[in-house]
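S.K.: If you want the building blocks of each chain, they are given just below.
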Amino acid sequence: MNNINHNVEPVLQAKGLMKRYGTVVAMNGADFELYPNEVLGVIGDNGAGKTTLIRAISGATAPDHGTIELDGKVVNFNTPDDARNAGIETVYQNLALSPALSIADNMFLGREIREKGIMGKLFRKLDHKKMETFARDKLSELGLLTIQNINQAVETLSGGQRQGVAVARAAAFGSKVVIMDEPTAALGVKESRRVLDLIQDVKSKGIPIVLISHNMPHIFEVCDRIHIHRLGRRLCTVDPKIISMSDAVAMMTGAMEPPPEALVT
Amino acid sequence: MSQSEFETNLNSTDSAVAVFERDDQTFLSNVRNAVRSYPTLVPALVLIVSILIFGIIAPRFLSPGVLSLVLQQVTVIGIVAIAQTLIILTAGIDLSVGAILVLSTFVMGRLAVSSGVPLPIAIAGGMAIGTLMGAFNGFLVAKIKLPPFIVTLGTLSVFTALKLWYSGSESIRNSDIEANAPSLLWFGEAAARPFGATITYGGIALILLAAVFWYILQHTAWGRHVYAIGDDPEAAALSGIKTDNTLISVYAVAGLICGFGAWVAIGRVGSISPISFEEINLATITAVVIGGTSLFGGRGSIPGSVLGALIVGVFTTGLSLAGVDDYWQMFAVGNLVLIAVALDQWLRRATQ
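For the protein sequence lines, the chains are G and R, in the order given. Its first residue numbered 1, the first sequence is counted upward by one per residue in our numbering. Its first residue numbered 1, the second sequence is counted upward by one per residue in our numbering.
Below, in silico cross-link-like pairs of lysine to any residue (SDA-like), each with a Cα-Cα straight-line distance of 25 Å or less:
#1 G:Lys205 <-> G:Asp224
#2 G:Lys129 <-> G:Phe173
#3 G:Lys125 <-> G:Asp81
#4 G:Lys130 <-> R:Arg36
#5 G:Lys15 <-> G:Ser213
#6 G:Lys125 <-> R:Asp244
#7 G:Lys116 <-> R:Ala221
#8 G:Lys241 <-> G:Asp224
#9 G:Lys138 <-> G:Asp82
#10 G:Lys205 <-> G:Ile113
#11 G:Lys116 <-> R:Gly240
#12 G:Lys125 <-> R:Pro39
#13 G:Lys129 <-> R:Ala211
#14 G:Lys125 <-> R:Pro233
#15 G:Lys190 <-> G:Glu141
#16 G:Lys15 <-> G:Pro240
#17 G:Lys121 <-> R:Trp214
#18 G:Lys116 <-> R:Ala211
#19 G:Lys73 <-> G:Pro36
#20 G:Lys190 <-> G:His214
#21 R:Lys242 <-> G:His128
#22 G:Lys129 <-> R:Pro39
#23 R:Lys242 <-> G:Ile113
#24 R:Lys242 <-> G:Ala62
#25 R:Lys242 <-> G:Thr51
#26 R:Lys242 <-> G:Glu112
Some chain R residues flagged as far from chain G (calculated, every beta-carbon gap over 10 Å):
#27 Leu28
#28 Leu41
#29 Val66
#30 Gln72
#31 Ile144
#32 Val158
#33 Gly196
#34 Ile207
#35 Ala342
Under 10 Å between C-beta atoms, here's a sample of chain G residues computed to sit facing chain R:
#36 Thr79
#37 Asp81
#38 Arg84
#39 Phe123
#40 Ala153
Hints are computed from structural coordinates only; laboratory data are not their basis. On a predicted model such as this, the values are computed, not experimentally measured, just so you know. Glycine is no exception: its CB is placed at the ideal position from the N, C-alpha and C atoms.
The shape of chain R in the complex, shown without the other chains (with noise of 0.2 Å):
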């Protein structure tokens, strides 16, 4: 075996190319490891800075009662932000979550106290038509070759075309589902009151349901499939797995989370309007967003987007606690979203 004369020399240089260890041990790059590491870091500290922040600009904001009340105004956005964070960590976008969680939410309501249908068939029913939506979704990004965007704002269309048409542009009244299906508001009441704070079991319902989706995103194969499917489509399929059978199962899955969303939000709102949840798409995409979930895929986390609803959900309380005006809200959770797009992108440089 000869080598070539120009590699001869190597021989008596460093061999260790290939020796797995860092030469880059400075400040910053240690902190860009940490954060990729442990990518919720981020959205935690921000969360606890700014709580504190707006204790002190606002006393009444670090009241039990005032915390909870975050809680229960981000239950809706944190659960169909979950949807999203699945879908987003696939490379994808989701345009129609908020179509499928008011569709879903008249399916159960007509089901339940139009047609008089047992609870939990009405339910299922609906959850079942919010996976029924996903997987349509799915098929077009996996099978047709679409772009999420553009399949997913035309099924924002086509889902709320629906939702008018099934509704009859029509709310269904709290006072009609009181009388014909009162368990259907379940998640809107208090499980407890600890220190005048109100914990509804909506609020636990996302806090159980982000634990289910961590677990399953870390700890499952098919949790690391979503991330190497969103990371390098190709080399997912060359390294053994079915993607586009992942990929629909991804879309299917956010659809039923959708649905499950509906069940929570008619006990959030107390009742059901065509109308509702309008702003719900582009509110989830900036949980996600800010959470730290990077829109290119592959990278970000289920706590993060769940932490990232309540960074805005603080944000505005603790704003509008502070006496400032709605524009100023907008304003800042804008700027929010700016930081952590750079920050996801100093992170991607980084790794070239």
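Chain G on its own, in the form it takes in the complex (with noise of 0.2 Å):
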């Protein structure tokens, strides 16, 4: 057994979550940790409820029971912005980006800056220079430079740039953690490649990351640790470095047993 992040405390962590649709168990006393510093995966096949476990904890779905601790205390999320506030960020696999408007106020959509004095306060007039310098030094932090034109609408941009644009805003505000849900989903091969490499810049600034993805090369590339969910709960963590790719297949289908050795906590 292999206990790498002994002696730390988990940054985010669920106890015990139960969420029920009807007669549907989607998650059946589920736990979760991530830990500082870490790239953590999470794989599970379709229906193991990896969806509304990530939807819990970025504020989407509210679990029946159970609890969800950020840095040791206990938060209740109601929507996302709650999760937004606590300074948890979500790259929706949707991207949840909107086509027309430019990529500044993209980054700043539902928390645009005012201007300051009574132009901000009386006529409530947005700073649309500091959003502008804003993006623009966060996309040069994740090496998306060159941009000729920040105002340019998102839609006017490839994939990979759009990609690249949403895991910006998720990097800039993300202070505690940011999850990532299938990111590389829709992407070519040489575009799932920048988003990777966006991974490791994202997590070189501290920030840890939840990635869930159907990828396992991707996966294993990336993660440090990974969370193999099956009906409804977590079966297991392990050692990317210990597994290969087909038991990681064999344990999320059922056909293996986890074995004690590739364990983590």
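Using the hints, put the two chains back together into the complex; each one sits in its own frame.
M.R.: This is the structure in structure tokens:
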């Protein structure tokens, strides 16, 4: 048994989450831990309940039972906004970008900065300049420089570029945790490579990442630990350096018991 | 960290995939990008060109008097088109704006003329009723999740029935308004008469109102949210925008604008009639579409809609000065709508 994170408190922890939709049990006592400075992969077969788990920790779904703790404090998220305000940013599979709005507008959608003084207070005027500068800085921080026009509409960008904007937004505002749901599912080989590099960039800034993906090579490449979800709960957490991809798939489909030497806490 | 074998070849290739630059710098794409970035460019050009062309066909057209007449004719349509623009930007449509407008004129008229209520209260009352009717539309769209077309088709009948009941199917005559509440007619008065043109307070109100709502849409968070909701409501919600409340507020503000438009309309027409402004629903949608706002939501502008209203005014006045029959005026405006929608589709396709 490897204990790579002993003596470190988890950043984000869920205990005994339960969620029922009518007669369907989506979460059945699901546990979850994310430690500082790690990339945690979450894998599971379709219908295993990993989406519900992710929705719970990103505030999109409220669990029926169980607790979620952020930095050791119990939190109750009722909307994605609650989770965002607590420092948890999510890159959704559909990216949640507004195509006709500019890159800068999208980065600040729902948390616009107003101008100081009377123009901001009385006339609610937005500080476009400040937001554009910030957006440009964040994109160049992630190596997405050579932006000709930060005011160009998101719809004029390619799939990989859009993913870059969504990741930059999450990395810019996610002070505690960044969650990425299938960030490479819609991308080509080269663009996927760019997103995997982005994940490393975000990690190097000291923000732990939850990566949900069906793409085993990607998971095994960037993740420090892999959380395997099965039948509404966590089956185990394994060390990707010890087990193989086919073993991981066998475990998540129930064809194999988790080998004790691969487990990590 | 090991890369998959098939990916190792990539290291030797150009990795500039996520770089923000454009590679399609053809003439057509430049035009497309210019139009997309400055959506009022096309209606502004169309307006200028059509004024010049009608000036050549009918020389009388280019006189200040005729041009200011066009502005007077489109004053009410322009104001209501501002309300319609807000709603169409959210990918909605409002077929009840005309009914809201006329019912509000009767609330103002009955309170001020028949009941002798002080004018400011009568006007505030009319605008409050307009806001309330708009908010009712918004509630049905946002909370009950009904399609805007069906909601406002229903409330069009409901508000029209209320209008007929409240008015008793009777007009309020100009002489009665002048005797009891002359200030209700203020927006119809001339503010200035430069070079034989007649600029009414209503025309000035239209320009100011358009400027205010241009500012709100471009420079406030609420304005950006209106665009985001029309563009992709799910993305807007995931971005933390309270989409339901914003939608209700959009319909309520549209109702408020119609309420204000009611005051301007009383001045423009001079009397209050239950059968006035019956064609204004479609006229405002026409102005909005010609102004470059997309019926699919998320793109367009307030100045565009005012320009759109002016274009329709220029066409009908210009053609009638040129001696063209009414039905050919309709024919021309109809074609303008079709061209505008086709242009919008072309712009949208180009973004895929």
